[in-house]
Amino acid sequence: KAGVTQTPRYLIKTRGQQVTLSCSPISGHRSVSWYQQTPGQGLQFLFEYFSETQRNKGNFPGRFSGRQFSNSRSEMNVSTLELGDSALYLCASSLEGGVRLGVLFFGEGSRLTVL
Amino acid sequence: AQSVTQPDIHITVSEGASLELRCNYSYGATPYLFWYVQSPGQGLQLLLKYFSGDTLVQGIKGFEAEFKRSQSSFNLRKPSVHWSDAAEYFCAVAGSGGSYIPTFGRGTSLIVHP
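Respectively, the protein sequence lines represent chains P and R. So that you can map any letter, position 87 of the first sequence is 87 in the numbering used here, and since no number is skipped, the others follow by simple counting. So that you can map any letter, position 83 of the second sequence is 83 in the numbering used here, and since no number is skipped, the others follow by simple counting.
Watch out, some of these pointers could steer you wrong.
[As the list claims (entries may be wrong)] To be clear about the criterion: a stretch of chain R counts as covered by chain P if any three or more of its residues have a C-beta under 8 Å from a C-beta of chain P, and this derived list gives those stretches:
1. 42-55
2. 67-76
3. 101-113
Everything labelled a hint here was simulated from the structure, so no lab data went into it. Glycine included, C-beta positions come from ideal geometry on N, C-alpha and C.
Could you put together the complete structure from these sequences and hints?
Below you can see the structure in the form of structure tokens.
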């Protein structure tokens, strides 16, 4: 069974640009979560989608948005990039809701560098 | 609100030595607890989880963790460390407010000396 796939793996953008990251979950997983990982803040929860609906949201500004498609694939978008958005963005999928949300299967991440 | 503290930023052990990584959580009810490992350049992988029942849980790669409610701790242990265990280890807690989204600690970096 294929794991969680994130694309692109690496990207470089400049301030003010926008970026879209993609995540394909494990087949059969309907929940997709996104995390931002930085050395200073650690792992910060961005949002979680389940059956095309945003079910949970972290404490990030509106520049960060996401969506989920009917095949459970998810994208996240960051608009008006700032230097502080440089991070590893991790996508994780989960088999079902409830406590199982804590049992996450992570992709290898998309490393974003903002210049 | 739930939170997790991993007091040790770095831990250095010799190969073959025992290991204990500390994790303390803050949560009002019975928590759901997890340990994840992240190797360089990789995503996180679940090592083990505690939902209920036996407070000593076994995980993959020879790791175990013990839930101690009185100490609000969920320490990770391994009797004999291998060089391949060098990685970043994250403790996480979930269950607050019904959302069950896990909150992660800041991580402990494990360095293994030959």
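Coverage assertion for the stretch 42-55 of chain R with respect to chain P, Cβ distance below 8 Å, three residues required: holds (count 7)
Within 8 Å of chain P's CB atoms, at least three CB atoms from the stretch 67-76 of chain R: coverage verdict: With 0 residues closer than 8 Å to chain P, the stretch 67-76 of chain R misses the three-residue bar; violated.
Three-residue Cβ test at 8 Å for the coverage of the stretch 101-113 of chain R by chain P: Our answer is that it holds, as 7 residues pass the Cβ test (under 8 Å) against chain P, meeting three.
In terms of the numbered hints stated before, the structure departs from hint 2 and from no other.
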